[in-house]
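**Q** Generate the whole structure from the sequences, applying the supplied hints.
Chains as they are written, first to last, in my numbering: chain B, 1 to 346; chain S, 1 to 346; chain V, 1 to 346; chain L, 1 to 346.
The hints are simulated quantities; they were obtained by calculation from the structure and are not laboratory data.
Heads up, some of the hints might be wrong.
Here are the simulated distance ranges between beta carbons [said to hold, decoys possible]:
| id | chain 1 | residue 1 | chain 2 | residue 2 | range |
| --- | --- | --- | --- | --- | --- |
| 1 | L | P47 | S | P245 | 34 to 40 Å |
| 2 | L | E22 | B | T257 | 28 to 34 Å |
| 3 | L | N259 | B | S112 | 18 to 24 Å |
| 4 | L | L156 | V | D253 | 16 to 22 Å |
| 5 | L | N234 | B | Y11 | 43 to 49 Å |
Keep in mind it's a predicted model, so treat the numbers as computed, not measured.
Even for Gly, the Cβ is constructed at its ideal location relative to N, Cα and C.
Given next are the chains, with one letter for each unit.
Protein chains: 4
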Amino acid sequence: MVNFGVVGYGYWGPNLVRNLFEVPETQVVAVSDMNQERLKLVKSRYPSVETTTDFHQLLNNPKIDAIAIATPVFTHYDLALQALQSGKHVMVEKPMTSTSEQAMRLIDEAASRNLVLMVDHTFVYTGAVRKIKEIADSGQLGEILYYDSTRINLGLFQRDVDVIWDLAVHDLAIMDYILPSTPCAVAATGINHVFGGTENLAYITMFFEENVIAHVNVNWLSPVKVRRTLVGGNKQMIVYDDMEPSEKVKVYDKGITVNSTPDSLYKALVGYRSGDMFAPQLDVSEALKVEIQHFADCIKTGAEPITGGQAGLRVVRILESASLSMKQRGKLVTLADELTLSRGAA
Amino acid sequence: MVNFGVVGYGYWGPNLVRNLFEVPETQVVAVSDMNQERLKLVKSRYPSVETTTDFHQLLNNPKIDAIAIATPVFTHYDLALQALQSGKHVMVEKPMTSTSEQAMRLIDEAASRNLVLMVDHTFVYTGAVRKIKEIADSGQLGEILYYDSTRINLGLFQRDVDVIWDLAVHDLAIMDYILPSTPCAVAATGINHVFGGTENLAYITMFFEENVIAHVNVNWLSPVKVRRTLVGGNKQMIVYDDMEPSEKVKVYDKGITVNSTPDSLYKALVGYRSGDMFAPQLDVSEALKVEIQHFADCIKTGAEPITGGQAGLRVVRILESASLSMKQRGKLVTLADELTLSRGAA
Amino acid sequence: MVNFGVVGYGYWGPNLVRNLFEVPETQVVAVSDMNQERLKLVKSRYPSVETTTDFHQLLNNPKIDAIAIATPVFTHYDLALQALQSGKHVMVEKPMTSTSEQAMRLIDEAASRNLVLMVDHTFVYTGAVRKIKEIADSGQLGEILYYDSTRINLGLFQRDVDVIWDLAVHDLAIMDYILPSTPCAVAATGINHVFGGTENLAYITMFFEENVIAHVNVNWLSPVKVRRTLVGGNKQMIVYDDMEPSEKVKVYDKGITVNSTPDSLYKALVGYRSGDMFAPQLDVSEALKVEIQHFADCIKTGAEPITGGQAGLRVVRILESASLSMKQRGKLVTLADELTLSRGAA
Amino acid sequence: MVNFGVVGYGYWGPNLVRNLFEVPETQVVAVSDMNQERLKLVKSRYPSVETTTDFHQLLNNPKIDAIAIATPVFTHYDLALQALQSGKHVMVEKPMTSTSEQAMRLIDEAASRNLVLMVDHTFVYTGAVRKIKEIADSGQLGEILYYDSTRINLGLFQRDVDVIWDLAVHDLAIMDYILPSTPCAVAATGINHVFGGTENLAYITMFFEENVIAHVNVNWLSPVKVRRTLVGGNKQMIVYDDMEPSEKVKVYDKGITVNSTPDSLYKALVGYRSGDMFAPQLDVSEALKVEIQHFADCIKTGAEPITGGQAGLRVVRILESASLSMKQRGKLVTLADELTLSRGAA
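**A** Printed below as a string of structure tokens:
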């Protein structure tokens with residue numbers, strides 16, 4: 001049994017606590033939040049759980065094995081670092097930290113203490129994304145040529161993070177999981193429509209060493225909700241539409257064929273192929289439950305989580321670069337070499 | 001009655017000829033094409049129409065008042081210039097020309113000869129786009145904050161033009177018609193997946209002097225067909241989905257409200273507003289027929305067409321800038337001042 | 001404060017208990033269920049609530065003002081009758097009872113004791129159905145000409161009730177609420193594909209005194225989930241699609257116009273009208289919460305609930321007649337006069 | 001080469017003529033219509049085609065091998081009979097005739113003269129329906145349990161035929177092609193909202209000797225257009241949605257499994273199965289062209305067309321029975337034995 005302390009009982013914390021109780025190997029010992037009203041809610045729902053406004057009580061509680069952090073992004077680093085230094089395993093909300101520097105520091109801390117550090121990239125644990133990963137890994141798509149995602153709706157305008165850190169983080173986490181390689185450069189554009197606010201609409205293009213491109217369109221000011229990702233391979237292509245009630249993943253046997261005969265050094269011939277569409281059945285387990293189970297398994301076996309610190313770092317690197325590029329109207333920002341290297345080592 | 005000579009009877013030419021016969025004020029006298037098989041097809045369908053492989057016969061035919069040009073882009077400038085110099089009104093396929101230099105030259109030629117020069121931005125004449133224009137002009141949307149369009153499908157890979165010149169030209173023409181101002185800078189990214197080919201997938205961001213942004217996503221390699229445009233205003237927002245069989249235009253009474261009290265110099269307050277949706281009935285007339293009627297009217301009255309040379313030029317300027325930016329991975333390209341000025345003058 | 005005893009903590013009971021705690025004027029004192037495991041679940045979630053396997057403890061508990069019944073249909077009558085006889089107000093799951101005889105008996109019992117008797121026709125309290133009612137009552141639709149509903153999916157095959165009593169009951173409850181009159185005759189067809197089972201697919205046509213028709217298509221064996229209702233008026237028409245994430249109710253300004261001039265005694269002229277579509281914003285409150293609030297209000301004021309015993313009876317009458325007709329392959333079954341009369345009196 | 005005379009150049013005639021010219025083995029020699037304006041239209045489009053207001057000129061023209069009849073239903077019998085008696089093959093619009101008596105008479109006439117008689121059940125020749133037939137015949141669906149079709153829109157109110165003869169005829173023709181057996185009884189309901197008109201909305205249930213049911217919902221007064229058919233098998237199920245732009249046919253690996261152990265003589269166990277969905281690629285050839293090619297092949301080989309007189313008769317029998325049942329509010333009408341027999345013989 002892994003005993004948890006949960007920090008933060010705002011929007012996401014209740015989902016964490018509920019699922020931590022539903023996974024047989026995990027349970028919640030204590031919850032900390034600075035808001036007494038939120039703690040009362042915890043007590044009414046789970047009378048057995050201890051509550052406190054002092055996060056340190058969780059760190060000092062020897063019954064607690066792991067800390068789940070569901071607080072604003074800017075606090076992730078401090079809280080996670082203290083938790084690791086207190087010998088607790090850590091599951092931290094996405095994005096992992098506010099800077100890649102911080103993310104690397106946490107990775108080192110966890111590694112030196114043999115603690116499990118996991119980032120809550122929830123979508124990676126959905127039946128849909130796991131199925132896409134399975135299909136991509138099977139080679140069915142051929143070489144992946146592009147990744148194109150749109151995630152827009154009338155969303156909550158946030159003060160501390162821009163739309164990239166709020167919405168694109170989901171796409172980057174999914175992309176990081178599915179694609180075999182990591183972007184080498186980023187060009188992003190965006191706009192802020194509210195005085196004193198952050199960008200509420202952004203477009204990110206990512207370039208890869210291979211002849212691959214990725215693009216993410218995020219927007220807090222759309223009248224309609226769209227959650228659609230295209231993964232284009234040279235054999236098959238996937239459309240992942242998270243708004244579909246049941247057939248979220250569709251695999252199309254469609255595309256082009258390029259004939260490269262000697263002759264076509266000068267003239268490639270493009271052929272078109274149109275075939276069946278196939279929508280595989282998806283596991284409908286709640287993603288967060290699957291993820292918590294995975295975290296418990298990693299604690300038991302010492303394995304690196306699928307969405308461990310390295311994955312969290314890779315995503316933060318792109319977020320950082322994208323925000324930087326966006327401030328300069330799309331100026332290309334190169335992702336430093338160590339990032340690519342760190343993936344190789346993972 | 002306006003008598004037409006039509007150059008080019010390939011993909012679009014047959015639509016032109018058919019509609020030129022359906023508009024009571026216009027008719028076709030002769031068609032030229034370099035392919036004898038295509039000319040035979042003309043003869044079998046319209047025995048009364050003269051056919052020729054020599055374009056100059058159209059220019060020299062005194063019965064012909066206007067030339068409609070439906071040939072590849074790189075030929076537009078030469079054909080249109082000769083037609084104008086022969087005293088013929090000109091309706092030219094989009095994009096107007098291969099360079100803005102050429103477009104300006106045609107504008108001057110037409111102006112000096114008092115001839116009507118129109119670019120076939122067909123979508124501008126659809127019931128859907130005309131309705132959007134009407135709504136935008138009514139002030140119902142408030143200030144327009146962004147324009148976001150996606151135009152993707154498994155399309156014909158072209159050799160001479162990239163996906164921007166092939167697909168984005170539609171979006172730019174529509175945007176040019178609807179928005180009250182013109183972009184001042186462009187950042188575009190894209191990729192070419194076929195050896196020796198042109199970019200088959202591209203993303204264009206456009207910046208405006210006002211706090212407005214526009215983005216166009218075009219792709220020849222998508223397994224699904226999407227034709228969707230969002231026009232976000234600070235009062236209402238439009239979703240224009242051309243794949244919908246009937247309700248192509250939806251107006252959403254949704255958005256945010258920003259309260260700027262003195263206090264909020266430091267802290268703007270964002271409120272959310274959610275209301276009804278409204279799908280206006282659209283005129284279902286064939287766009288090309290409406291457009292030809294408009295061209296005939298302009299010839300009669302001497303008025304500048306809605307999609308005249310200036311509109312064609314503005315679109316070519318953006319295409320040019322976007323291709324240039326794309327070659328440099330999103331480097332910002334500023335649209336020269338004379339463009340903005342020329343719009344003011346139009 | 002209205003104190004509740006809840007009978008049955010299976011599929012629906014947990015929703016009742018949760019909402020009874022969320023409405024400020026109501027709370028749950030005790031839950032009875034014959035299954036100890038279910039009662040343990042109650043205790044773990046709501047430690048303050050008493051649990052019992054003996055329904056009579058609820059009846060004898062003087063703190064309890066009202067009984068909510070969420071047990072199989074065949075038990076509704078007995079449990080509700082005992083509750084009323086013990087002086088408790090009653091909220092009973094749909095369908096109200098197994099026979100109209102039973103329903104009338106309960107209505108009489110409640111009336112004679114001045115107790116509130118409400119049937120849980122949940123859909124009637126959704127934002128969508130309340131909006132449709134508002135539109136229909138406003139006269140906007142003109143005269144209603146037809147009501148056509150489809151409610152199909154891969155559903156749980158039930159042993160004790162057929163698909164009409166399981167699914168069509170929703171449509172009949174909604175229809176009863178929206179239409180100004182009540183069917184006078186029913187013809188139903190259906191089929192049972194499972195040996196020893198009940199009909200798993202059925203079609204019900206209902207005739208009215210006016211020139212109105214209604215039809216319900218229900219199916220437990222559909223590969224896709226459809227929840228769509230058309231309400232056709234001679235001025236406007238509504239499409240209510242419960243599978244739509246946001247725009248569930250669409251009002252179409254479409255239809256025919258019939259010109260009846262003296263001349264047209266022999267020849268009516270049908271004209272076609274096509275106009276705008278309008279999707280009103282809907283209240284997204286949880287229907288069950290709205291309903292419980294209404295029940296509490298009725299107890300306070302003594303008013304007849306919107307879905308009181310009379311509404312429950314009218315629905316049971318149609319269910320009864322439909323099952324009877326279905327056994328005879330669509331033989332017309334006339335709804336007895338007293339039903340129509342009872343509505344007039346309600 | 002098969003030379004055609006075409007009778008009737010109203011709504012459907014132009015499609016016939018166009019396709020008769022597109023199929024290499026067929027061509028049109030003459031068109032007859034009682035309206036001179038329509039004949040002028042023929043002449044302008046096809047100068048080589050003879051036109052006449054006198055149908056008999058077609059019969060007497062020895063160059064004509066076959067007559068295509070695209071006139072109102074009530075004229076089909078007379079025109080087809082005369083054509084057959086003049087030794088011409090006949091392709092007649094659906095529904096074949098106004099009565100089954102007439103249909104049988106035509107079948108006999110064609111048989112005795114060794115002429116090909118085909119009914120234009122166009123949908124049967126679409127890529128979608130041919131694919132469904134292929135899937136059904138492969139055994140993939142298992143035993144077919146039900147057929148459920150909805151065909152509604154704001155349609156033309158017709159004076160001479162009701163909505164069953166106008167719209168349901170399509171569904172019955174498709175069903176006749178796909179299902180291995182023929183209905184034995186029909187119960188239909190409907191309503192007429194226009195004084196002096198015919199039923200504009202109808203529901204038809206069909207019973208089979210096997211434990212199979214079929215239902216068709218047709219409506220001229222729907223604000224939305226729906227063209228959806230479910231074919232439920234005990235192994236797989238099909239949804240055919242003709243409004244989908246590309247994936248019109250979806251095959252679902254979903255359903256129930258019924259375990260019948262000796263024990264379950266009294267208690268069948270229903271299990272649920274949910275699997276992948278599959279949308280096969282469809283041939284997009286124009287159905288009418290495929291059909292005309294088939295007709296030409298039958299003339300050459302003497303084979304019975306897929307939609308020959310027997311198929312036309314079976315459909316007319318159901319139409320007849322449905323209209324009869326509808327007049328009596330759903331009274332069950334049994335289809336006479338000879339119908340079933342005639343199918344066996346076909």
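**Q** Now, for every hint given, state plainly whether the structure supports it.
**A** Here's how the hints hold up against the structure:
In this structure the hint that P47/L and P245/S lie 34 to 40 Å apart at CB holds, the actual value being about 36 Å. For E22/L paired with T257/B, a C-beta distance near 29 Å keeps the hint of 28 to 34 Å intact. One distance hint, 18 to 24 Å for the beta-carbon pair N259/L and S112/B, is violated here, with the actual separation near 57 Å. Under the hint 16 to 22 Å, the C-beta atoms of L156/L and D253/V, about 19 Å apart, fit the expected range.
The supplied range of 43 to 49 Å is met by N234/L and Y11/B, whose beta-carbon atoms lie about 46 Å from each other.
Hint compliance for this structure: hint 3 is the single one not met.
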